[in-house]
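Asker: Add chain B to chain A, keeping to what the hints say.
Residue-level listing of the chains:
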Amino acid sequence: MIGKICGTGSYVPANYLDNNDLAKMVETNDEWVRERTGIVRRHIIEDDTTVSMAVKASKEALKMSGIEAKEIDLIIVSTLSSNVILPSAACEVQRELEAVNATCFDLNAACTGFVFGYIAAQAYIISGIYRNILIIGSESLSNFVNWEDRGTCILFGDGAGAAVVRAAEGTMYLPVTHSDGAIGHVLTCGSRHNKEWIAGSKDDNTYMKMDGQAVFKFAVKKVPEVIDQALEHNKLDIHDIDWFILHQANKRIIDSIARRLGIDIDRFPMNVEEYGNTSSASVPLLLDEMNRKGMLAAGQKIMLAGFGAGLSWAAVVLEW
Amino acid sequence: MLEKVKEIVADSLGVEVDTITAESSFQKDLGADSLDLMDMVMALEDEYGVEIPTDDLGELVTVGDVVKYIDKIEK
Numbered sequence: 001m002i003g004k005i006c007g008t009g010s011y012v013p014a015n016y017l018d019n020n021d022l023a024k025m026v027e028t029n030d031e032w033v034r035e036r037t038g039i040v041r042r043h044i045i046e047d048d049t050t051v052s053m054a055v056k057a058s059k060e061a062l063k064m065s066g067i068e069a070k071e072i073d074l075i076i077v078s079t080l081s082s083n084v085i086l087p088s089a090a091c092e093v094q095r096e097l098e099a100v101n102a103t104c105f106d107l108n109a110a111c112t113g114f115v116f117g118y119i120a121a122q123a124y125i126i127s128g129i130y131r132n133i134l135i136i137g138s139e140s141l142s143n144f145v146n147w148e149d150r151g152t153c154i155l156f157g158d159g160a161g162a163a164v165v166r167a168a169e170g171t172m173y174l175p176v177t178h179s180d181g182a183i184g185h186v187l188t189c190g191s192r193h194n195k196e197w198i199a200g201s202k203d204d205n206t207y208m209k210m211d212g213q214a215v216f217k218f219a220v221k222k223v224p225e226v227i228d229q230a231l232e233h234n235k236l237d238i239h240d241i242d243w244f245i246l247h248q249a250n251k252r253i254i255d256s257i258a259r260r261l262g263i264d265i266d267r268f269p270m271n272v273e274e275y276g277n278t279s280s281a282s283v284p285l286l287l288d289e290m291n292r293k294g295m296l297a298a299g300q301k302i303m304l305a306g307f308g309a310g311l312s313w314a315a316v317v318l319e320w
Numbered sequence: 001m002l003e004k005v006k007e008i009v010a011d012s013l014g015v016e017v018d019t020i021t022a023e024s025s026f027q028k029d030l031g032a033d034s035l036d037l038m039d040m041v042m043a044l045e046d047e048y049g050v051e052i053p054t055d056d057l058g059e060l061v062t063v064g065d066v067v068k069y070i071d072k073i074e075k
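Line order of the protein sequences matches chains A and B. Quick note on my numbering: the first sequence kicks off at 1 and runs consecutively. Quick note on my numbering: the second sequence kicks off at 1 and runs consecutively.
It should be emphasised that the hints constitute simulated quantities derived from the structure, not laboratory data. Because the structure is a prediction, the values reported are computed rather than measured.
Here are some, though not all, of the chain B residues that point toward chain A, as calculated from beta-carbon distances under 8 Å:
hint: 1; residue: Ser34
hint: 2; residue: Leu35
hint: 3; residue: Met38
hint: 4; residue: Met42
Backbone N, C-alpha and C define an ideal beta-carbon position, used for all residues, glycine too.
Isolated chain A, as found in the complex:
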């Protein structure tokens, strides 16, 4: 048995900031932001939380899957921006869904989180430990954005995506995963639960900080490499892949990755224009959007690839 995705769901808050709104807050403009990032809008929570968005996305995914909440064996919430520390976001989601038979835990691997979560779900199903798994990426990044930093505030947004993975017959594909903490300093966000933190201090490091050029170089170098490794491990040719669903960090990163792989950009669907970078929510948000538009057909091969803070990166093939 392997895991097959049998339902997807997503949720984004209705409220959004477009580039013109940001131009009133920091020195920037629509053209500059579009050219360098491909981002036009980012949705921002008002009354929602990481947990409430996770619950809404999960309900949609469960509805599509036909699986009842009480049949779920495991809930993994991937998040770096939870509104709760204890209990875990996954336990809060369990309570709201009444998924009474589920084991629950959170996973933080930043923008690679959903892909790591999907790989964990596969491992649990292949080993026979669990049969029905709900994986969720939910992020309220707006809480960690420094709205006075024009370099980062243009990039991030809030939202959630979920997928139900169920045990089924199918081909197993080996994933490829990497982390390198030695280069983690290029993308950071400090905790407010540390001795040094003083609210309102000038060198507050509790916002997302990024060395944009270093992260760009990391992504454009490592993602094509990990995709090649995932193809090689499974004896697949790059032209066997129907869709490359990448973490939606920045259009320019995805353009450069496609160019380095020598694959037409049409095979790299994107929605970064509408949502910005939603970290671990971006892959399931896009997957759900494509699924609901009818872009995914049984038997298609999809390459999921995540990359981000840690640094961490991963690629895995899934058959729809």
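Answerer: Chain B alone, transformed into the frame defined by chain A:
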């Protein structure tokens, strides 16, 4: 080396190779932004088998600067 570097620059930045000289400034003359420069740096790294740290990017203002830089680190 200038001719090869010009080819890589043209390819990375999407400009005609004939419009590039050693004196061309990436940002002022060739319209490159910081991410274009990273694309170009990675293409140069692949071609010459070198590592160009992002801290060194400040030195690379013109096409001629790149030729000098690679010449220096190759030695």
